[in-house]
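Quick mapping for you: the protein sequence lines, in order, are chains E and P. Counting from 1, one number per residue, gives the positions in the first sequence under our numbering. Counting from 1, one number per residue, gives the positions in the second sequence under our numbering.
Hints listed in this document are in silico derivations from the structure and should not be mistaken for laboratory results. This one's a predicted model, so the numbers in the text were calculated from it and none came from an experiment. A portion of the hints provided could be inaccurate.
[Unchecked claim] 25 Å max Cα-Cα, derived SDA-like pairs, lysine to any residue:
| hint | chain 1 | residue 1 | chain 2 | residue 2 |
| --- | --- | --- | --- | --- |
| 1 | E | Lys292 | P | Asp37 |
| 2 | P | Lys232 | P | Ala300 |
| 3 | E | Lys48 | P | Gln49 |
| 4 | P | Lys305 | E | Phe301 |
| 5 | P | Lys253 | P | Thr267 |
| 6 | E | Lys292 | P | Ala22 |
[To be verified] Pairwise CB distance ranges, derived in the manner of DEER restraints:
| hint | chain 1 | residue 1 | chain 2 | residue 2 | range |
| --- | --- | --- | --- | --- | --- |
| 7 | E | Val240 | P | Ser33 | 33 to 43 Å |
| 8 | P | Asp58 | E | Ser288 | 49 to 59 Å |
| 9 | P | Gly185 | E | Gly274 | 51 to 61 Å |
| 10 | P | Asn120 | E | Trp54 | 28 to 38 Å |
| 11 | P | Asn370 | E | Ser288 | 48 to 58 Å |
| 12 | E | Asn21 | P | Gly185 | 56 to 66 Å |
| 13 | P | Ala113 | E | Phe53 | 36 to 46 Å |
| 14 | E | Ile309 | P | Ser260 | 56 to 66 Å |
| 15 | P | Leu373 | E | Ala359 | 22 to 32 Å |
| 16 | E | Tyr289 | P | Pro319 | 37 to 47 Å |
| 17 | P | Ser33 | E | Arg18 | 43 to 53 Å |
| 18 | E | Ser288 | P | Pro379 | 46 to 56 Å |
| 19 | P | Ser33 | E | His108 | 29 to 39 Å |
| 20 | P | Ala113 | E | Val240 | 48 to 58 Å |
C-beta: ideal position from N, C-alpha, C; glycine also.
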Amino acid sequence: MSNNVTERISKIVRVVPRNRNTELVLLLFAIGINALEVVQVQLSTMQKVNGDFWFYWGGLAGAAMLLHLVLRLRAPLADPMILPIATTLNGLGIAEIYRLDIAAIANHQTELFGEKQVIWTLVALLLAGIVVMFIPSHLVLRRYVFIAGAIGVGLLLAPMLPFIGKTINGASLWLSIGGLTFQPGELAKISLTIFFAGYLVQRRDSLAMTGRTVLGIQIPKARELGPILAIWVVSLLVLVVQHDLGTSLLFFGLFLVMIYTATGRAIYTVVGLGMFLTGALVASRAISYVSKRFDAWLNPFDDAHYNAIGGSYQLVQGLFGFAHGGLLGTGLGGGVPQLVPLAESDFIVASLAEELGLAGIFVIFALYILLVARGLRIGFNHNDDFSKLLATGLSFVIALQVFIVIGGVTRLVPLTGLTTPLLAAGGSSLVANWIIVGLLLRISDTNRKEAE
Amino acid sequence: MNRELRRVSLVVAVMFLALFVAATNLQVISSDSLSQDQRNVRTIYDGYQTQRGAILVDSQPIANSTPVSDGFHYNRKYSGDIYSSVTGFYSYFQGATGLEASANDYLSGKNSAQFFEQLNALFSGNPVSGASIELTIDPKVQKAAADALGNLTGAVVAIEPSTGNILAMVSTPGFNANQLAVHTGSKAQANYNNLLSAKGDPLINKAIGGSLYTPGSVFKLVVASAALESGKFTVSSLLPNPRTYTLPNTSTKIHNSGGSDCGGQSTVTLLNALRLSCNIPFAELGVLVGQDKIRAMANAYGFGKSFRIPTVATASVYPQNMDDAQTALSSFGQFDVRVTPLQIAMITAAIANGGKEMNPNLIENVQSSNLALLSQTQPSEFGTPISKATADGLKQMMIAAVKNGVSSNGQVTGTVVAGKTGTAQNGGSSPYTLWFTGFAPADNPRVAVAVMVADGGGMGQGGSGNILAAPIARKVIRAVLGQ
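Full structure from sequences and hints, please.
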């Protein structure tokens, strides 16, 4: 044990300066930008800076600095860019939500999100810190693969349960316990990624090697398709019963990418995608809620869809917000993003697009790309398949979620009820994404240790 | 596994690329059309932050913004009802219409011509003031048209044939846009509701659409155009002239207007058929020429197109898939033919301009708040629907119609007017729609005008285009000629 400690100390002394100091510089830059954002919001809406600044800036800034210290102690070799990027995004989200709160107060509305968002941010960073501190290596997660799978499916299907399941805006994505609502799907994406990684590593060879070759294409054996079928059924169940195309697409897409990464066989992806699209297409015709969303997506500007309840009003208002932003935006606090329903959560990107313009949106996209790229890079650098798959899955799930949400808001794909990772108001989403950040940091630390 | 990982990275790259493209499309490429959507109140919100540009006629504002001390910073003021069809309204509560909506980019200072001002504003912090637009409207002509329409419900469009410049565009009854520009929501809403339920639909610009009208005999100009263009007919071609005509494959009999004998001979020339506006020869002619040729002609004149002046005009309609009886009816402007006064004025302007049709236009130039010229509209050609020879033939017939035909009230002392009346039935006992369209002077046209009087001009089925619409056109022409 003491030997272990001295070994670690020697490593800290030797390697820490570069990695963690880079992170410190980037992090100071990130929280500096966050400070400017909150100041701009206050100046533009109240013409002065008041004490609330310390709450809306200081909470995240302090917690991020603490997490940085935890990393210095417990994961000195972790990737230096992930924490600053996540902090920048989270801070930007807080600033915009705070800004929307100010508009809501001016309109005599009582439902506010800013304070909750800051508190949830603290909880989320605490959990990320716990992940880094108390999971010595992500490889221990391999022991809990099937438990993780069971928890994941359970969480995913939990909103269908009577009494605690809750339907909001037509989609049943929430659990409601004692007045607190929670989106279990957000946490499910972590446990299912762990499950997929563990399961696919075990089954990798049989999935990759077996089967006959027809016309130059290797056809997998029927029984190997079993798990795909199972995941497909669960995904469609989410779509049919919970009415949520986004969650359904997110998990199935994640699974397809992971099975492809594990086996290197595109046939799984092609077949899986075909199955999903068929299912989704049938569902979109059969379920009125989903078909309404589809029609509203295809012809949002039709008065019939625009005026319909659950029609395209929100989408179109979001598009107007984007257009209003133009190249440079109105500046934080200068636009009217509060016109869009759910401007603080589902449509936070439209709010940011309006106030930061195309320039700001490109920066946000670039931050996500960097975050995902760092995650994929961690996957590249690892030698063992489980770590590779886990890092790939966790990064890809962020990328796919960003694509589905922002694609929905920009009318690239039908609108769904997912939240924008790290930006949007909502505790479950923040907690889940910061745990992913914690896991990625943990994986990257062991990764560099191996490289020693 | 790294090969697969690289491909996954590629997929991620493609997904983000798609997002970049989608955002660019929304914020740059379709940004203008999205901000012009009437449902987009952001545009209006913005408008109250900066001084909105003025709408000018002969350098005098018909709409302008003046600073006020309430929370709105600026108040929008309009000079009078006679311009309401041109300006539309600009309301914090009800959105915007007319030029206030269609020229909003200029008026709000958001157009690309003011890019350097916008860039400057970004650093200085001072908002860009809106640009002003100078209109092609001639205030004397506009006033003459509004006065001539008086209390009638209808519209007048006057176009300069050689340029497409709109000299007058009046729709009656007009409305007082100031009532909608008020800064109290309940007041604006109440005024808006009053206008919505008011008699004669003042909020609808009848000159360019909102609703379309049955053209009646003015549509004969299109049928005659198609006949002359086909090369098979001239102005002196003879058509059978029975007293009654049975629509093909039906037992329905039609008569000439007022039971006229159309000259009383067994045949009638095309010229006389148009001069006396006989329905039967035109019904025959329509069937002979065929609906396809007439439709092609109508489309060449602009039917089916929404012109932007820049306010969007409703497209006029020539029906599809008619049988011969319907073709016969549509050939004197009945059945399902529907038009805007703007479209009729454009047809007349094309005839006046020797067959060359110009795009209609309301904006002469755009000036920034410091009076720099930002853009000057150049006349642009819509097309050449008819040859010079056809235009000359039509002109000859229209001169005859005014000189000694049924369109005689279009005569103006001291000049030759070419014109055509229309008295359109709207089915059953509905009041007629009354028309006159024409141009003057015939040898050197300075104006093409279309007058539409809706609801029978209050005379039910007792009025005619010549009685009610032609005198209005006469006053407009006089105003243009400075009489």
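Right, here's what the structure says about each hint:
A distance of roughly 23 Å separates the Cα atoms of lysine 292 of chain E and aspartate 37 of chain P; the hinted pair therefore holds under the 25 Å criterion. For the suggested pair lysine 232 of chain P and alanine 300 of chain P, the alpha carbons sit about 19 Å apart, so the restraint of at most 25 Å is met. A threshold of 25 Å between alpha carbons decides the hint, and for lysine 48 of chain E with glutamine 49 of chain P the separation of about 20 Å falls inside it, so the pair holds. The hinted pair formed by lysine 305 of chain P and phenylalanine 301 of chain E meets the criterion: a straight-line CA distance of about 20 Å does not exceed 25 Å.
At roughly 19 Å between alpha-carbon atoms, lysine 253 of chain P and threonine 267 of chain P fall within 25 Å of each other, so this suggested pair holds. Between lysine 292 of chain E and alanine 22 of chain P, the direct Cα distance comes to roughly 22 Å. Compliance with the 25 Å bound is thereby established for this hinted pair. Checking the proposed 33 to 43 Å range against valine 240 of chain E and serine 33 of chain P shows it holds: the Cβ atoms sit about 37 Å from each other. The supplied range of 49 to 59 Å is met by aspartate 58 of chain P and serine 288 of chain E, whose beta-carbon atoms lie about 58 Å from each other.
Evaluation of the 51 to 61 Å hint for glycine 185 of chain P and glycine 274 of chain E yields a pass: the beta carbon distance comes to about 54 Å. Between asparagine 120 of chain P and tryptophan 54 of chain E, the C-beta spacing of about 36 Å keeps the proposed range 28 to 38 Å intact. In this structure, asparagine 370 of chain P and serine 288 of chain E meet the distance hint of 48 to 58 Å, their C-beta atoms being roughly 57 Å apart. Distance hint check for asparagine 21 of chain E and glycine 185 of chain P: the Cβ-Cβ separation is about 57 Å, which falls inside the suggested range of 56 to 66 Å.
Between alanine 113 of chain P and phenylalanine 53 of chain E the Cβ separation comes to about 40 Å, which falls inside the hinted range of 36 to 46 Å. Range check, isoleucine 309 of chain E to serine 260 of chain P: Cβ separation about 58 Å, and the 56 to 66 Å hint holds. The hinted window of 22 to 32 Å between leucine 373 of chain P and alanine 359 of chain E holds, with their beta carbons roughly 30 Å apart. In this structure the supplied range 37 to 47 Å holds for tyrosine 289 of chain E paired with proline 319 of chain P, their Cβ-Cβ distance being about 40 Å.
At about 51 Å, the CB distance of serine 33 of chain P to arginine 18 of chain E agrees with the hint of 43 to 53 Å. The hinted window of 46 to 56 Å between serine 288 of chain E and proline 379 of chain P holds, with their beta carbons roughly 53 Å apart. In this structure, serine 33 of chain P and histidine 108 of chain E meet the distance hint of 29 to 39 Å, their C-beta atoms being roughly 34 Å apart. At roughly 53 Å, the beta carbons of alanine 113 of chain P and valine 240 of chain E sit within the given window of 48 to 58 Å.
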